[in-house]
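Once you've looked at the hints, dock chain C against the given chain U.
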Amino acid sequence: MTLTVRNLNFAHARQPTLDGIAAKFEAGKLSVILGPNGAGKSTLLACLAGLLKPDTGTAHLDDEDISSMAPTARAQRIGLLPQGAETHWAITSEALVALGRIPHMRGAGASTDDRRAISSAMSATATEGFANRPVTQLSGGERARVLLARVLAGEPQWILADEPLANLDPGFQLDILDLLRRQAEAGKGVVAVLHDLHHAVRFADHVVLLNAGKLFAQGSVDEVITTSNLAHVYGIDANLFTDEVGATQLFIKGKISS
Amino acid sequence: MKPRSLTSILLLLAVAAFMLSLMAGKVWIWPTSWMADNADGWIFIELRLPRAVLGLCIGAVLGLSGAVMQGYLRNPLADPTVLGVSASAALGGVVAIYLGLNLLPFGLFACAMLGAGASILLLLAISRGGGPIGFILGGMVLSTLAGALTAFVISIAPNPFAASEIINWLMGALTDRLMADVWTALPFMALGALLLFFTGRALDALTLGENGARSLGINLFRLQWIIVIGVGLAVGASVAVSGVVGFVGLIVPHLIRAAYGEQPSRILLPSALGGAILTLTADSLVRLVPGPGEVRLGIAMAVLGAPFFLLLLLRYRKASA
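For the protein sequence lines, the chains are U and C, in the order given.
Counting with our numbering, you get residues -15 to 242 for the letters of the first sequence.
Counting with our numbering, you get residues 304 to 624 for the letters of the second sequence.
Quick caveat, the hints were computed from the structure, so don't treat them as lab data.
Chain C stretches covered by chain U per the calculated footprint, using a threshold of three residues with CB under 8 Å from any CB of chain U:
no.: 1; stretch: 503 to 509
no.: 2; stretch: 516 to 523
no.: 3; stretch: 558 to 567
By construction, the Cβ of each residue, glycine as well, lies at the ideal position given by its N, Cα and C atoms.
Next comes chain C alone, as it looks inside the complex:
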């Protein structure tokens, strides 16, 4: 199939997933009552709409960031968490909850973005001129450190309620977000995504290795800055608003490559669409699971993602055997 018609299909699927996310839940809300002046209309405007918009944006930036990271590191196992930005943003959020700053307007978001920003600066300092290896090692150091500090904050939580609130937030969810959350996170995600869409040509050139890319006039140093800042802003903002949602950035580029081929620039936009479809669908499904409350999106994604990844692994082994 031609890439253009594939992209049209993805676009349609994304619209369908977005509609599903607007409608699905303990209460189904059909488009006829979206504008109604009753409980249904209220649920739609105050709860469903922000949730669906966030799902769309978060999924898109996670899919896109995953495709960029895999292209840059030329490693299909890389994902946005490799940089340690997610872990650092999560640490910021956890500290905010611990200090009670999440009760202030935008307190949690600001702290998580501070965490993400600090990790961006540290990464740029650590990996200066080091190429992808310095980059991965820097990201690992950051992830480990932020993870340890997060565990430390949980361990010193004043009471079980605070600890459970922190853990719950960490697991990632899109429940009870407001339009205000959307407007706060959106500019960061949009800016980050915009930067990342410009990396396509350089990522293609890296197919030839670092020397090959540089001999084609690609400035790898600048590419590294664009990726750190782009992924940092986009993924940082997504963690700040929804906690850590894993697997999207890892899985989606794989699926897209199977349909579009492996050229890095060709899978950027489709990966963004695919990420949005996956996240919106998963976030609709978690609302439909019967029982009290909801399955956390982060957990659902891992439950869906792990078997899928195993399948992928088996297919690779079969292909290489």
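Chain U on its own, in the form it takes in the complex:
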């Protein structure tokens, strides 16, 4: 299973533009989209999720054009964790997770399948403990896990996450990354927009680096996150080294003075 983007162009006044993007995401991998602010990361993710229709070029799920899929069929296969962790009403965590079943619901009420998916999503994210608490009373880290459980409850083949770590403390950031990582290991396709390069270095199987709406580089961590690429795209002076257990680590020394 693959998500493939071919020669994708998107231009809109209120959204960063994309210019001739070609990229490929594979199931079973944690793919990370990187790039400076305004590079078009969220725009690309929205095209993959079918929320934005590219001006030219296509985004395909296997051999189906995502923008021409029926919304419900698309929603069953592609789950999106939107940016900003919006929750507008004080509904319980369980009710929020249950929203993830909407693409599967036909009549009124939840089926046994729905209930099973909801409880397994909540146990995967360790959120059963506050199933009956209103989401508005949860801490940021708890809410982030509940929102991720909402996506998992839909049992999509693909999980797209737009800055899932924003506003979380380091411990919770690692919790969420670990959850995404496990989903990828279970065979799902996971694509996340991240800002923290350290996380990308540690967790990504595949990296897509955008710069000013164009694809700058894609491939494995070692191929993409290099001193020269980071200097060029972010204007930072960074060192990559192998630590005492043999893992690649990143150290950002500072901004390159121009």
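Relative to chain U, chain C alone:
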């Protein structure tokens, strides 16, 4: 308490309020004389019954529309008047009275529905693809314009009697309505309410924001159409038959949320029941106030509603402090 037993209680209260509305007034009419062939029986069939049925329906659609609007805009301060449909229907009614069309059968109703229909079309055109913000702004433009035109029509009324008739109608009341009024308004309200009852799942999805809802396969464009047409028909017809009755759509969903929790789909039916209870009760009370004539329902509702809203505000401030 379980939602199901809460709903049974609301249902019982609605029946009680309906009975009260059938009985209460300057003359109390007990169920024993409902079928009687005398003045009491006549008052019951010709005056009380249509009034109670209208109170029930109008209250229900206002409560339901309020719950839908608050859910759609994700704003607890929204109400059915936000769309400008009420103001436009009122303008239609006022023009009808000004031109004397209210003397024709269904003249006033038809004009008010034309006003509501025009506002629905304008809203759909203005807010095309704009999302909730375009929707609110479009509604504001319509409300303001219709309000100004209404004031203009009053200002050019040929004589003080015409002006006072218009103002009186605007204040909203259920007095002296006939069964014919009920049968004219009911289909529009029923159709509108039916459409609105189908929005529950989409409103729930909007808890996650617009992108969240769309990623769940919800068609927000279609939702917007359903809401404009549903609220337009239901609220338009209620204004056409009773003038503007405020506050029901704003207050009732708040009360219901306190008991049922905040999930938008769960409060739709209870809000309809709550709206009916509030409207029927208020409309019974206005008949019991001593003195000549009656307090207008629209005024009574505002008098009841404003302090209540203040209370709500204080509670929110306490909760957030």
